[in-house]
Every structure is written in structure tokens, then in C-alpha cells.
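Visitor: Chain residues, written in single-letter form:
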Amino acid sequence: MKAKIVVMPKQAVLDPQGKAIQNALTQMGYHGIGAVRVGKYLEIELTNSDPEAARQQIDAACHKILSNPVIEDYRFEIE
Amino acid sequence: MKAKIVVMPKQAVLDPQGKAIQNALTQMGYHGIGAVRVGKYLEIELTNSDPEAARQQIDAACHKILSNPVIEDYRFEIE
Amino acid sequence: MNFAVLQFPGSNCDQDVVHALRHVLGHSVELRWHKEASLGAADAVVVPGGFSYGDYLRTGAIARFSPVMEAVRQFAAAGGLVLGICNGFQILCEAGLLPGALIRNRSLQFRCEHIFLKTSTPDSPFTNRIPPDKLLRLPIAHGEGCYYADADTLARLKANHQILWRYVNAQGEITADANPNGALDHIAGICNEGRNVAGLMPHPERASEPILGSTDGRLILESMIAALASRPTAAG
Amino acid sequence: MTDPAITPELVQKHNLTPEEYEKLKAVLGRVPTYTELGIFSVMWSEHCSYKNTRPLLKTFPTQSPRILVGAGEENAGILDIGDGLAIAFKIESHNHPSAVEPFQGAATGVGGIVRDIFTMGARPVCAANSLRFGPITAAGEPGPAVANNRRLFGGVVAGIAHYGNCFGIPTVAGEIYFDPSYEGNPLVNAFCLGVLRHGQIVRGHARGVGNPVFYVGPATGRDGLAGAAFASQDLTAESAEQQRGAVQVGDPFMEKLVCEACLELLATGAVAGIQDMGAAGLTCSTCETAARAGTGIEIELDKVPQRAPGMTSYEIMLSESQERMLIIVHRGREAEVKRIFDKWDLPWAEIGVVTDTGRMVVRHHGQVVADIPARKIADESPVYERVAREPEYLQAVRAFCLDGVPDTTNPAAHLLALLAWPTIASKNWVYRQYDHMVRNNSVVGPGSDAAVLRIKEDSVPAPPNAASALRPVPEKFIALSVDGNGAYVYLDPYEGSKIVVAEAARNLACTGAMPLGATDNLNFGNPHNPELFWQLKESVRGLADACRAFNAPVTGGNCSLYNQHPNGPIDPTPTVAMVGLIENPEHITTQWFKDEGDVILLLGELVDTSDPLLGLGGSAYLQLIHGMKNGTPPRCDLAREKELHLALRALIHSGVVKSAHDCSEGGLAVALAEGCISQSVARATPRLIGAQVDLTPLTEAPGRDGIRLDALLFGETQGRILISVDAVNAAKVLAQARILGVPTARLGTVGGDALRLQVPGAELNCPVRDLHDRWWNAIAEAMH
Ligand SMILES: Nc1ncnc2c1ncn2[C@@H]1O[C@H](COP(=O)(O)OP(=O)(O)O)[C@@H](O)[C@H]1O
Ligand SMILES: [Mg+2]
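If you're matching them up, the sequences are chains A, B, C and D in order. For the first sequence, my numbering assigns the number 54 to the initial residue and increments by one for each residue that follows. For the second sequence, my numbering assigns the number 54 to the initial residue and increments by one for each residue that follows. For the third sequence, my numbering assigns the number 117 to the initial residue and increments by one for each residue that follows. For the fourth sequence, my numbering assigns the number 10 to the initial residue and increments by one for each residue that follows.
It should be emphasised that the hints constitute simulated quantities derived from the structure, not laboratory data. Note that beta-carbon positions come from the ideal geometry of N, C-alpha and C, so glycine has one too. There may be inaccurate statements among the hints.
[Said to hold, decoys possible] Chain B stretches covered by chain C per the calculated footprint, using a threshold of three residues with CB under 8 Å from any CB of chain C:
1. 61-68
2. 116-125
[Unchecked claim] Below are the DSSO-like pairs computed for lysine-lysine, each with C-alpha atoms no more than 30 Å apart in a straight line:
3. A:63 x A:93
4. B:117 x A:57
5. B:93 x A:57
6. A:55 x B:93
7. D:352 x C:151
8. D:651 x D:436
9. B:117 x A:117
10. B:55 x A:55
11. B:63 x A:117
12. C:250 x D:603
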């Protein structure tokens, strides 16, 4: 199994990196570029076999160390 | 429309951050944690309306600037 | 000589390079804003350190698309000397003017300290003045200085003697302890196949005055000056 | 959206007392709007108004012929350093935000203080910081508290590194203590120093009726809403939780651009006044600029760049989004602002105008949402003389004696343990993450008693094009040290605070520098608690007396009260950054021993035998080896300190001193060890050199026989400096020091590969490699 996790800055939190990329794309001549937000993407190989246990474990890990709940939100899938 | 882009370090490239997270999770008592890889996740709002044009544009941007083919692979979806 | 020192938004070692070249070594230097499309009458270009565009996305990723980089590309293609220091090295790799890439330090931390370098070959415009056995003591200051290239590229770098500097310890030995960032094959700096474009993570401009603790960096800058002086005409 | 009704509960939520609310109504002559209530609550918070501390701050010495801009006048004080040059510097806290989000809290702390400096027209050239955390090591398996302390420590250091490195300012000095009192309430005090020509000083004044008011920098979001108010109440789980929704994120890249653009703009002469938007953002910057100039200001919130849709006037006025500046431009010169900010691709907006009404008027969606007399809100904020009462715990502290404390039986092990104690251990794990060399001026970086920074041509903001008329900038050398032993201050706020200042001055003297001035950060507990307020009051008295003694006027500072955690308040912790001048580069001196055969001398008394605790009160030794933070701390005789520093500088100027290092935490033994091990040549390459020291003859002097070994080795008697000199000069230096009135003794010689220390009844023989490795790696090991 594999966990695929997306960690993104919260909507209300400034994302200077996203802003810089948005400007760069626009300046490079790409059209129709709106807001850009940049986060992290993690893939974790899981050697457990129980999807429900895995889900709980990954949720706990996301909350505790993989994201910073003060400024980030996360979501994930187990496949 | 929105582009959702995942940029990951190539398999051959050292990913010290992934390694550090793997160790941390294992040390914190999570079980069955295999390899961890950490990449980037970008969400780009697109104000264009033609999905095919958007696809081409995002592919070009990924190739040219959003990823570095020496060290990274990318994939994306347009929604 | 006339040096052009590039200035991107977020460059922060630009003044240091100007200081070393102009005030310490006595050459003429002009800063080139990233929006300029020409390098003027430059004999050589230095891409300085810093955090161009905040290092957002990847180090050097956005800077490489600046108008001035197009001028640098042409300048390099015509054989002009280009040196990238730290963030400048990262920009040159992103721009494809040098092979490989610089990724996050293995420690995952920024590192600022002096290191020792061994020069692999005097056969380049950046190393011709460095005595064969001389270890260079230079400062590094980077979070993303771990050099990476795929196996083929590395083999080519070696075959063509493009690796100019490696991290070593005080005895000149290649040891794990001496490698500050996990760089492949302890690579600190390389040049292109044409040997006119080079990049390195350590900062020669920060080691050019006795009061700052080392003058070893001058050997690199003086190598460039010597190479320029021995050329029939300036490139450009 | 309709504003909530102003109820007593809402007033209370805004941290205003019923009396303050009455005063507010008197100032306005009516009931406030919701936006006005928000504005008053931040302007009258402790953080912005200093309502609990203003009477105390008045007692600081603030005058000297060098003062160009004095304490309290502007965002930072400015001192003359000769040849038409000046320095601006200040320290500021970001404690509460760092407790909530250590990385961003610390990063934005750096951003804020850097802005305070370039707001004065100065180019920021170096940074420093003073940090406090709970312990990061534990006797057994580290528990969750230790893990949390490590998280905070690691996050804060990474945040400071991120911001300073990216901005491109060398972080050259700092200090860190680890103590249980800071658990859950870390202290993050950030310092910045900038350089400018006298003629480049600018003011935060909204001058010139009719002048347009510009907003520059990134758009305003809901970040750090009412952060100033947050900093002005006890740090509790609840207050921290509230603040979580609105963490400020720093963008050092943006700040670099804003700084360069502002300095470029200032050089044009188009600017009438400028002020950063720090605490309380748009509110504070508009109010204060108008109040200082005695003018009024009118702004239109619809013109303020906004990041989030649907922001209310309350939110826009109270947001603490980072990297923003307010600029008042001479009418007719707007185009220059536009040209320069467009060049740097920075957002800007013309949002208002200077008026002659004396009022700060804020419009939003066509309505006046605030209309306040600017000077009154800024100047007539409440002032309180809080009740002070000596804390009870001090009786036990004064009664403490050494009777129950066994003398050391294993001095070598204790020396190693002290060197590995994180408070004493090398801070290389921290400063190797900071770019401490950028800008090519770091002559002495972190790792010696004080940092030394070169000032050169590119240290000052570029002058306008008529540059050639200006004198070239001669090289000058600025020394800098930050200090603040909170344990001493806890055990004796007055003496302890004198020591804070004396140590900073001593550190400067050790590099060969003459103090110019100081900036302080008062980190204390809740001022409503009489015992805590007494600590504050006594501490300020000590700081003031000491600054006066060293002719180091206080040029500004910052107060952070309400520092507390579930187990109680922090140790009272005033931190002092002192800045000094070295005229001649040949006088720059470092702390490590240089050459084999050099003679080691001690300037000052070996042990203060009139102190019943012999310098062990509050010492690192008692804390670490005996688990006691107790006893009256060593006494600080300011007159003798001053003589000592004068003598040391005189010796340094005569060219004979090869190294100078003061004895502080860990006493003489630790200072000697540091002399042997603290020079680093390069990564993994220390330059180690041993020393042979015999203290037995010195202990035979009358009054010193039978002195406790631990006091001799680890006591922290003040006013002591170790120097090393070439052997041929030793006799001369001894004689000279005596003429200068400073007791001086020969301790031994430099050389070998061990620190050999002979004391009555014992000999320590510690290989320098062991000493070094324990000291150098201790923090990295804890953080691994
Ligand atoms: N502890 C202190 N000692 C001396 N001056 C202080 C102290 N605290 C604050 N001040 C002075 O009070 C004035 C207002 O400070 P502050 O509100 O922190 O400035 P800012 O508006 O930049 O945040 C400044 O001039 C500051 O230097
Ligand atoms: Mg300010």
C-alpha cells in the first residue's frame, strides 16, 4: 500500500512562493494564470496490510509531524 | 479550471528529506513505514476556458520551469 | 578588466563580488540589472550568490528566465568567461549552461563555515593560478549545495576534467566529514566542456582579504584575470 | 457586514479596562465604532503604549554627545560614529508569536527589526539575537516537554536563519540559555544594526499638509490580527489558540526588495516621512506618523491592496501582514515612487493624504469608520505606576549558604559536564545555520566574546547621483555583544541586571572596543503581579546604573511583559545588546589562545572572598552539578569593572595582548578551556592548543587559603578577564596592569595538547581534543 499526502498552506496564510511563481509564469508569457499555491506532496510506502489501520496511522502522522497544523492543511489517500 | 501538479524527485536522486521523515516516523513508533519520498504539489488557478490549450500550456510550464528534468519528474491534472 | 556582475531581485552577494573585484583587485566592475538585455563591454561575467527570486520553486529556477540570462547565454556561446558563485552556480545549472543540479544539503540545514577545497586541474581559466598542491580555505553559505548529476554526466565530467574543485579535509583527503552537503563525488565546482563557464558553491569573494581570514579566493578570481589577459581579444 | 455592538464584554475582550474605556470615550467624545475600539485596543496595549513601563524607561540614561536620534523618538536610536557616519540599532522581541509557530514567529521577528532599521534610512548590515528555551537535554529518556523545547529551539533557529540568510544580512552574534523557566514561553529577541550618513536620517513623520500617503509592499491579509494585543496578555493555551488562525508568514525576499527600493527612493529626496507597518500595522503607522508631526492623516481603505476578499475595516486596520511600509511623499514627486517601486516589481498604492486636522480619519466603502485625534491616542495612552513588592522567594535566596553543598571531588568530570551543558556549550549548531559572513564585513564572527563588523563604503545606503561630492567612507569597526543571564536577575534583580550590562561591556572590552550605547529588551512577567513588577523595577534600576557607569546610553529597546507558562512566570530576563567602536583594526582581539609559550594572565581578583558564596551563587556549576538555582549571585562593582575595562583596552592598544576572554558562566576553568578550544579554522577543523596553569601559589595569599576548589574553578566572581601575551612581554604587562590599578596574576603558559590545571590537592589533565569534542558537539547531539 501507499499513502499519498498533500500538505498545503492554509487559505488564509500567505504563500509567498505561490505568488512568486504566479508572477514568473505571467512574465514568461503564459496566459490566464490565476492564483498559485505551493505545498508538499509525500508518498509513503506502507508495509502494513490493513487499510483502516493505515488510514488512522497516516492521519495521526499528518497531524503530528507531516504537516504544521498552525499554517497548513493536509489531505491524503491510501492506495 | 485548476491545474494540479505533482513534482517528485527522480528515483535515482537522493531525497534526504524523505529519509529523515521515514526515520522520524519509525522512531515515533509508527509501524510498517517503508520508503518516503517528498515532492512538491502546485495548484494553479486557470482563467482560460479551453482545457486542451490549458493542458498544453501547463505541460510546457512543467517542462520548462516548474520542474527540473535533471532531478525531477512531474505529472498533472486539469480539473 | 571589465567585469559584469549580475543583479537579480534577491541577489545579496553582488556587492561582495564588486568589492573584491573593484576594491581588492582593482578591476572595473559594472552591475547588470536582470531586466537588461545586454552585458555591455564585459570581458567576463560573474553570477553572484544570494536568493534570486527568494529561491522559490527551486534555487535559480526563476532567475534563469531573466532577460540578462539570454545575454549571458550568448556571451558564453561566444567563449566569454562566466563564473557562477553559490546561487550563481545554481542559476547556471538551471539555465543548462552547466550540467547537473544542486539539491538540498543532506543535513537539511543551511551551512555557513569555512571548508577546504582541492583543485583538480590547473587547466581552466578559473584555476590556472592555483598552485597544484594548494588547498583553498573558503567559506560556504548555502542550504542547497549538494551537487547531483546522473551517472553518464558524471562520467563525462570526469573524462573531460570538468570537475574543478572537490571538498577535502585539512590534510587534503577526501573524507565524508569534509563534505559539507553530501555532494556527489565531493564536487564543489565544475566547468562546462568549453571550459569557459564555471560554477562553485564556496565563495571566493569572501576570502579575498587578510582581515576576513583568508585570501585563497583571490586565486580563483586572479586565474580569471590571468586568462583574460592572455587572450588575444575579449569575447562578447 | 454589520459591526458588532460595543458591549462591556466586547471591551473586555479587547483587553481594555472599564477605566480605559471611559478614557477612550473622553478622547473621542463619543462611543467608539467597532474599528475604533480595535484601534484603541492595540494602540493602548502594553506592546505599543508601554503603559506599565514608561515611568521606568524614563530612568534610563539616554544622553551622550553621540546621540543623533534618542530613545523613544523614532523606530530606532541613532549614534554618531564619526566622519559623518552613524549607526542605527535596536532589539525587539517576538516571544509570543514564536511560542505559537516557532519558525514563522522568529522569522517575522527578524523581519520586523530589520524594517525598523531601514525605516530610519540606514542600510541594515548585521543582525544578532538573544534566545531562551526550556532544557533540551534530560537525565534519562527525554519526555514530551524536552521534545517540545527542542522543537521550539530548532524551529526558531531555522526561522531566523531563513529570514536573515535570504535577506542577506549576516547574523554575527547572539546568546542562548536553556532553563526550565522558559518552557512553553521561549524568548526570541532579535537585534539589527544599520549604517548611514548623518544626512541620510529620515523620520517617521507625516509632514506637509497635502502630501500623499503611499502604501508599499505586499497586500494586506488577515495575518497576525491584533498581534500587539496578543503580546500584551498572558500567554495561555487559549490565547495561543486564538492566534493560530492568523499566523504571520514572513517573506524575506519581499523584504529585501522593499528595503532596496526604500533606500533607493530615500536617496531621491522625494520622501517626507516613512514608517514601517510593524505591530498594529496600518493603525500604528498612521497614528504615530501623524502624532509625531502634529498633523492629521486621512486614508481610504478601499485603496489598500488586499489579499483576501471581503476584509472589514477592522481587519485591514489591525492586520500585521509583513513587509509593508507607509511612505509620505512630497507632493508632486509621486512619479518617483512609482518608477522605483515598479522597477523592483513591488506593489504600491496611494491611499491617503496628510491633513491639518490633527485627526486620523479612515474611510471604507464611502463611510468614515474611524475618526480619532492622532496625537491624543498616541500620547495620552494610560500610564500606570504598578504596585511593586519584594518577592518572598528572595528571603530563601539570601539565606542560602554553601554549608550543605559538598565541594567538588571530580573537577575534571565537572569541567567536561559544564562544557557540554547546552547553555555553555558551543553554539555552532546554531550559528552555522546563519550566514554570518555575507556582505564581506564579518571580521570576528560568532564564537568569540563579541562580534566585530567592518563598516565600509557599501555599508551605507548609496547616495543620490551627486555622490561625488560626498566624502568617501573610511573603514571603521563596530563590536557587538548581546547578554542577559536570567538566573542572576531572578536571584537578585538589581545586581543581576548590573551584571547583564557589565558583561556586555566586558565582552566589548575583550575585543578592544569602547562602548557607544546599548539597546535593551525587557522580558518579564505580568506587571499586575506586584512581585513580578518589583523584579522589573529593580532590574531597570540595575540596568540604568550600569549603563550610566559605562557611558553607554540606552538608545531604545522593547518591552515584552506577560511572559508566562502554566508553571509560572519566566525568570526575569532583561537582554542587552551593547555596541562599541574600534578605531584601529590592529586592536581587534579574539578570545582563543594563540601560540605555544605565550603567558596567561588573569586581570581581576581570583575570587571575590568578600562574597560568602565565593561567586557560586546562581552559578552554572550549582545549577548543573547540584541542581540548585539558588544563592545571591556574584556582586558587580561597577567602578572596578570600569577600571578593568579601561586597563584591558589600554593593554590592547599598546599592542601586547594576543587574546582576551572574560570569565562568565562556568568560571575560570571554563574560560581557560574555551581559550584552548574555541578557534575554528574550518569545518571539522578546530585549532586546539593546550595550557599549563598552576593556581596553587595564588591560593596561598592571605584570605584565600583553604578556598573551596569548586569556587576556585567554577565560581563566577565578576570582573575577571584572561589574557595571553608573548612571554617576553609578560613582566611588562604585569607591571603595566598594576599601574592601571587592576590586580593581575600570572596563571601559566599556553602550549601542549592538554589543559593541565594545578590546584591545591588536585591536578586536572584534560586532553584538549576531549574538551573540544564535548563542548562542540553537545547541542548537535541533543538535537539529533
Ligand atoms: N526597554 C526599553 N528601553 C528603552 N527604550 C525602549 C524600551 N522599550 C521600548 N523603548 C522605546 O520606545 C519606543 C517605542 O518602541 P516600539 O513600540 O517597540 O517601537 P515600534 O513601533 O518600532 O515597535 C522606541 O523608541 C523604543 O526604542
Ligand atoms: Mg517600528
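Visitor: Give a verdict on every hint.
Guide: Status of each hint after checking the structure:
1. With 4 residues having a Cβ less than 8 Å from any Cβ of chain C, the segment 61-68 of chain B passes the three-residue criterion, so the hint holds.
2. Coverage of the segment 116-125 of chain B by chain C holds in this model, with 5 residues showing a Cβ closer than 8 Å to a Cβ of that chain against a need of three.
3. Restraint check for residue 63 (chain A) and residue 93 (chain A): the C-alpha separation of about 12 Å stays at or below 30 Å, so the hint holds.
4. At most 30 Å may separate the alpha-carbon atoms for a hinted pair to count; residue 117 (chain B) and residue 57 (chain A) meet this at roughly 25 Å.
5. With a CA separation close to 12 Å, the supplied pair residue 93 (chain B) and residue 57 (chain A) stays within the 30 Å bound.
6. Between residue 55 (chain A) and residue 93 (chain B) the CA atoms are separated by roughly 17 Å; this keeps the pair inside 30 Å, and the hint holds.
7. Among the hinted pairs, residue 352 (chain D) with residue 151 (chain C) is consistent with the structure: their alpha-carbon atoms are about 9 Å apart, no more than 30 Å.
8. The straight-line distance between the Cα atoms of residue 651 (chain D) and residue 436 (chain D) is roughly 28 Å, inside the 30 Å bound, and the hint therefore holds.
9. Of the pairs offered as hints, the one joining residue 117 (chain B) and residue 117 (chain A) is violated, with about 35 Å between alpha carbons and a cut-off of 30 Å exceeded.
10. For the proposed pair residue 55 (chain B) and residue 55 (chain A), the alpha carbon gap of about 25 Å is at most 30 Å, so the pair holds.
11. For a cut-off of 30 Å, the pair hint linking residue 63 (chain B) to residue 117 (chain A) stands: about 27 Å separates their Cα positions.
12. Our distance criterion of 30 Å between C-alpha atoms is met by residue 250 (chain C) and residue 603 (chain D), whose separation comes to about 24 Å.
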